[in-house]
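There are 4 protein chains.
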Amino acid sequence: MALLAGKTAHAENRAAWRARFADCRARSAALATPLLPEDQVVQSMPDVSPTKWHLAHVTWFWETFLLGPHLAGYRVFDPAYDYLFNSYYEAVGPRHPRPARGLLSRPGVAEIARYRDHVTQAMDRLIAGVDGMTFRELAPVIALGLAHEEQHQELILMDIKHVFAQNPLKPAYTAPAPHAARTAPPLEWRDFAGGLIEIGHEGDGFAFDNEGPRHKVWLEPFRLATRLVTNGEYLAFVADGGYRRPEFWLSDGWAAVNASGWEAPLYWQRPAGKIDGVDGWQEFTLSGIAPLDPASPVVHVSHYEADAFARWAGRRLPSEAEWETAAADLPVSGNFLDRGLLHPQGATSSADCDQVDSCPPHPALDKARLRLANPKQPSPPSGEEGRVRGAQAPRGEEEASVVSAASAPALLQMFGDCWEWTQSAYAPYPGFHAVAGAIGEYNGKFMSGQMVLKGGCAVTPAGHMRASYRNFFPAAARWCFGGIRLAEDG
Amino acid sequence: MALLAGKTAHAENRAAWRARFADCRARSAALATPLLPEDQVVQSMPDVSPTKWHLAHVTWFWETFLLGPHLAGYRVFDPAYDYLFNSYYEAVGPRHPRPARGLLSRPGVAEIARYRDHVTQAMDRLIAGVDGMTFRELAPVIALGLAHEEQHQELILMDIKHVFAQNPLKPAYTAPAPHAARTAPPLEWRDFAGGLIEIGHEGDGFAFDNEGPRHKVWLEPFRLATRLVTNGEYLAFVADGGYRRPEFWLSDGWAAVNASGWEAPLYWQRPAGKIDGVDGWQEFTLSGIAPLDPASPVVHVSHYEADAFARWAGRRLPSEAEWETAAADLPVSGNFLDRGLLHPQGATSSADCDQVDSCPPHPALDKARLRLANPKQPSPPSGEEGRVRGAQAPRGEEEASVVSAASAPALLQMFGDCWEWTQSAYAPYPGFHAVAGAIGEYNGKFMSGQMVLKGGCAVTPAGHMRASYRNFFPAAARWCFGGIRLAEDG
Amino acid sequence: MALLAGKTAHAENRAAWRARFADCRARSAALATPLLPEDQVVQSMPDVSPTKWHLAHVTWFWETFLLGPHLAGYRVFDPAYDYLFNSYYEAVGPRHPRPARGLLSRPGVAEIARYRDHVTQAMDRLIAGVDGMTFRELAPVIALGLAHEEQHQELILMDIKHVFAQNPLKPAYTAPAPHAARTAPPLEWRDFAGGLIEIGHEGDGFAFDNEGPRHKVWLEPFRLATRLVTNGEYLAFVADGGYRRPEFWLSDGWAAVNASGWEAPLYWQRPAGKIDGVDGWQEFTLSGIAPLDPASPVVHVSHYEADAFARWAGRRLPSEAEWETAAADLPVSGNFLDRGLLHPQGATSSADCDQVDSCPPHPALDKARLRLANPKQPSPPSGEEGRVRGAQAPRGEEEASVVSAASAPALLQMFGDCWEWTQSAYAPYPGFHAVAGAIGEYNGKFMSGQMVLKGGCAVTPAGHMRASYRNFFPAAARWCFGGIRLAEDG
Amino acid sequence: MALLAGKTAHAENRAAWRARFADCRARSAALATPLLPEDQVVQSMPDVSPTKWHLAHVTWFWETFLLGPHLAGYRVFDPAYDYLFNSYYEAVGPRHPRPARGLLSRPGVAEIARYRDHVTQAMDRLIAGVDGMTFRELAPVIALGLAHEEQHQELILMDIKHVFAQNPLKPAYTAPAPHAARTAPPLEWRDFAGGLIEIGHEGDGFAFDNEGPRHKVWLEPFRLATRLVTNGEYLAFVADGGYRRPEFWLSDGWAAVNASGWEAPLYWQRPAGKIDGVDGWQEFTLSGIAPLDPASPVVHVSHYEADAFARWAGRRLPSEAEWETAAADLPVSGNFLDRGLLHPQGATSSADCDQVDSCPPHPALDKARLRLANPKQPSPPSGEEGRVRGAQAPRGEEEASVVSAASAPALLQMFGDCWEWTQSAYAPYPGFHAVAGAIGEYNGKFMSGQMVLKGGCAVTPAGHMRASYRNFFPAAARWCFGGIRLAEDG
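Protein chains in written order, with our numbering: chain A, 9 to 498; chain B, 9 to 498; chain C, 9 to 498; chain D, 9 to 498.
Chain A extracted, bound-state conformation:
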């Protein structure tokens, strides 16, 4: 099946499939536990869906693509749900308009819980009871359903954060984690030789159709920053007039800045009467309002802001192929949903790396060296403000020293923390063809007008991520936990 590269289904191990399915379903329900029924109704903008809609929609997916066609005697829970909880599958039929999801108070939270139970139990019967040959056919669709429900788990948290942020009471979804003050490690640069490389999914595991076919790409030499851009570094951009100087911005980005009145990342706020500086800024998180931590990664910036910051810093964003090449052999571990922090954390310096992020020397490294103090493409001077920037960002440079290739700096935070904006438009890989039918609408039809993000974030379910994973959002999207990793030509 074109959706899946390799053999995803060890059809014999039904118990493992049932357990994984049960775990996934339980995690979705658990995410709603801290919420009132009232919270689960609200749609704060068209891109956001109510919690209870997410919980019902993923359930509809199981019912529509697995239970209806494949479980003998299955009773549809409520025929009206086909209209209410179809997200965008044109082939399945008409559907409730997306911007109107927040108008639906019914079915209520309790009714949707009943719907979930009905479907969970039926799916368990299907997985347990279907014959082996059929199961081998269904396993890829079940794997897709699990990946789909994991995506919506992430969205539940992205979306409720946006909902709560609209409320002047600034409710907290969860208690704040204990926060150890920390200094960001120096921003260093890791070199890659480029050449004719391959990207795209390969191997036995599950992948979405958009991750293939695996294919060749030519890359010029490049460098990646060893960690994400921090709030402190981004604040220097803000203080340098970053949001008032068109020379850093793509034309569409500058239009967005002016049309939307952007002055800082989405969830930053400055209480009236506070001085302008690090101490003056706060950040809304899923644990409520917190002082802005200068060592933590900047998050909730659009592609436009990420691109403008990079231009201001005299660098650029990585391409998808560059990022994927650099990440290909790294272990997929980091600050994901399972850690329960629900917010990006400051990078741990490479000295501490193996304890925390398990980041070994990069195997693909061939001519590692630190980035020296003279970046190739200096950013335009800006009078006095230039001094501020020169003094503060990028921080790593002043502390750089010559190191041998053997001690090439490790890439930190590649997985988890923030979705990393690339400079690559979301487009089909050579030879990509969507499968026929409704499931073929999953990814292909969105290959227009969006940018690729890589690596997952602090609300992505652990186990959901891989180097070839292609997330995508419009360039103006800010609520999706987007952050910044710098790159430059080698």
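Wrong hints could be hidden among the right ones.
Note that identical chains are pooled: a pair holds if it fits in a single copy or bridges any two copies.
[What the hints assert, rightly or not] Cross-link-like lysine to any residue pairs, in silico, SDA-like; alpha carbons within 20 Å at most: (1) 224 with 438; (2) 224 with 202; (3) 224 with 201; (4) 178 with 104; (5) 224 with 203; (6) 224 with 204.
Keep in mind the hints are simulated off the structure, nothing from the lab.
Following the hints, position chains B, C and D against chain A.
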């Protein structure tokens, strides 16, 4: 106090005030009983407010205008509520934007119930305990607060109807009332001599500031229809191409028809596959979807639709002064909220009148006669379609016969059932001045761009209404239970 | 014919009709003389029409309502013009969308001149040649066509002013008039006794259908200011924070202030670097940019601004009936289009009155007295700013002295200078019925959502005006030469 | 200079530069010759600019970037033009808002002609008189200015076509060309082996900065259609419900279809009463309305439509790299502006090729073969409608026959006729850096949210085009002469 005409406060009778206050507060809470917490969050358009917002806003009114200034030692429940639950009082300070009320899941329903209890108890202490001289000062504000909360009781029902109507599941707020099939009584005409009359509030009872000063108005002779226009009559207008023929419409109304795609009253629907005709139409009510009853009054039309219907029928809408003159001596009884029907009902013919609506011969009547079959201003012919109209509407004409003045037809449905659109723009009466301060914002600042409606409707609290009451909505508003009474020159 | 009150047509005097027709047509063409072809194409907002559209539309009116039906053998100039140059007559057929008039470069200015000539000559043949009985039928329509073309003459100037104002080059339509520095006469108050009066057109002359029927209205005693509010007085309102203080504004007006960023009348501007004060402000006129003259009437304010100013000044706007009663016996003379100034002028004090405005003692005056210094309804205090207002506005008061009734102050500027906003919504008079057919769409269908203005302005053709004339614009309209006359209860 | 690849300036030959400059300026002026002054003012949508704005803006470019800084004693024609005629250069200062260009009647056409003469003469003095060393510095900017003015020559025609299309009179810009009925040659397929190729500008000639750096790209084997898709083929897509079937469309494209009501290419129209079929459709061209020619290329489709058509046909659009590789060695000749046809023309079969399009066997060809009748990715069946498509499109297949590699089919229409949509988002090439300053805003800041088009069209100046040229428009743009060439995997 300028807000109130006459002496509203029998300050001595504190027990009666406490009981009336308690009843009013209890009725608000009771209106939310059939609703889930999820239902109480949704804002389906900017004009609609969530149920729990209404419940909190009326509570904020008591806290802000009575408890804060006048109850010694009163503890404000939550200072943030001043921002959240101020509706439009510019003098009180900034407030949460109206179209964003539906984004607030917190405070939740339970928390707002605690807020209500806190304020209800404190108000009871205030009413019971304040000294007599102060009470006489406060009584008009308390009376205003009660009238204000009653207005929001009506709005809770108008608004939840709109919320439920957006939901494809079409939930019912209440069980359907048993419905006795009934034929509308003939539409007859009652004559009024006009002359130099007086309108506006007078006497001891409470009234809003906008109902005064009482003042003289000159009226030419006119006639009023004895009952509201029915669904059946309105259907004839629809069937005659009413929504496709510009000649019946005000210019702004025709623009609204085309911009909004109006084809029928707000809550009418025609299931796919049903034939076009009375049987084909259904109506969404607070008891769910019901077949359209041709004998019941048409409701949920805009001023534009009411005006276009009247023009099609060769008549016009009454002016506010005409309506008020006709209603001045009628008892204020009818199908109000206390009957629990929550929907307009077909008129009872005048023969049954005294049992049901207590409508005695109109005391102001001086030259009553029935409207004969030749209306003064015939509507333009419309080919074949004219036949339909000629056959069906207005019904009264064909059945008219000469009657003596002594048996002048009674005016039915003047109070309750539907708010009746007038042709009068909402404007200050001669000599009107808003009082200074926040409470002065109650009515005066809306005296622009809206039309007057009279008489109350099926979701208006009984006891809230009087002939001088001036309701007002923009001419395009349809969710506010507006109906049609025809008038014509005498 | 219902459009016309009285006998408009002295059918015998064809020469006079031909001359009046020729004069009217020539004046339209002359108004375009100072313009380039390029100027005549632009539509700067949906309410504005291009000059050449006006010139063609009035011509289409003659062709459609007179020549086509009544001139034997008339050849339609171009059948496509019926679609292009119909303004809003639904009964005539589909038409080019109003907001898209500025997209039509063709027919060009020269072609439209040919169209005009073709129609002018044919109309002259019709007027000269038709038999007497027919002419008596046509004369009212010809009178209507003349009034209609005069209305568009006014609109040509209103509209081109708006077009030129959008241009950073601020082109002048005409050379500036020599301007004699002048002080505004004191703002005095003239009393009227009210009572049961009559308004609406009567007599032999032409009038639009909306000016009738003449009918009775009851008026309480009232006073009118003797002249228009000046720029200097309005500037005191601006300086007192008038545009930042919601307490003066209707709710819709305050929304307009904030949505549109209003800070001053439409064509005021303050060059960067200029100090804030009279000297700092400039005004764009049809003669280009000029320093703001404090003694000239404020013009290009919306109804909302006029109403807010009046509230700030502790007064109100007059009702239409009050204004018409006061104007009924005044000579219809003033600063109209024929003076060529194209801008309101400072009032001449009543001492100079007869030379300039021919304003005799008002014949309806019965208990004239000057307004003393204590207005009945003081405006809300505003701290320090109140001092400024107290000191400056309304100016007349401080200079008032007791005068005898014999020397009751004359009403200045009632006709010409500025259209005067009333507090009256534009609604049908009792007994009004639009005539059937396309011509019936002329006025009646706009009787919703607009306010009445009286008296004409500096770009209104002389001879077009009368006391019963009812102009109407939406409350937010600012490009229509609206000004302010204050009133108060007597 | 980074803007220019190679040595563009043969500084010694001033006479040639002067002649080329004079020719370019004269061509711009000549393009306005068929237009009235009225035509040159209109802006029919924000993306369109008035003719006279184009004529002034290109002149401003010379004045701002050449004359002001480099011609001693140059007198700026009018300082206000800097504000009026800056298009988007943020670094140059504030500018008149783009959507408001159509509000400027002044400066008029005659004044802009004076401005042009002033600048043309000064530029001629500059080119003729500046010293050799300076000229070598200026030559690249002059070359850029010429390319810039040529771009606006193309835009003048694209834009006036859109302006005229809004006019119900459907004016013609030029007389129709004699049209020889013609059958489209069969649509054949040419194979390319792919591999590690290079794209981007190289060599001595002028190029825009966005065309470099030249860089390596890996291509899989692919095929290109030998000619553009015809109206006849596109009509089969329309007739097959192409605009009503979501399965062919990108998600954003389907949203555009529904939001904008697209049913056919931009300038197609079907007169009322005409039958549905080839005969029923007409097309608006710069020569007015013409019957739709089934053998001519479809033009004025958006990227979304091109993509949907390709999906319907079971193919895809080419990538930019594929297109450029295929075009690299073809002569740059075709139906450009100099032919004066101003509309795409039906392809001439390869037999006639050398006479008309000079298309030799493609030098890069290595394994040419015809596309057989079984496309790899069949489009979804559509019941009866499928029959229509099967019978009609793509036409070439049924007529295909086996040919030897030696007679590999020639690529027709690669240059001229229609801008060819690619599947490539407009993004920077590896190593691209915009130059500092205002001129650096020329291309780089638009590298977001747009798609690349290749090859030029019937209104592109001859000599302006090359294989590496990168045009770009948003995916929804339809007025820009976009057409369709199919591709598929090899």
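For each hint, the structure was consulted:
In the homo-oligomer, the alpha carbons of residue 224 and residue 438 lie at most 20 Å apart both inside one protomer (9 Å) and across protomers (16 Å), since each shortest distance falls under that limit. For the homomeric pair residue 224 and residue 202, the shortest alpha-carbon distances inside one copy (12 Å) and between copies (12 Å) are both at most 20 Å. For the identical chains of this complex, residue 224 and residue 201 are neighbours both inside a copy (15 Å) and across copies (14 Å), given an alpha-carbon limit of 20 Å. For a Cα distance limit of 20 Å, the shortest separation of residue 178 from residue 104 across copies, 13 Å, qualifies, whereas the shortest one inside one copy, 30 Å, does not.
Proximity of residue 224 and residue 203 under a CA criterion of 20 Å is satisfied in both settings, with 10 Å inside one chain copy and 10 Å between copies. Proximity of residue 224 and residue 204 under a CA criterion of 20 Å is satisfied in both settings, with 6 Å inside one chain copy and 10 Å between copies.
Of the numbered hints listed earlier, not one is contradicted by the structure.
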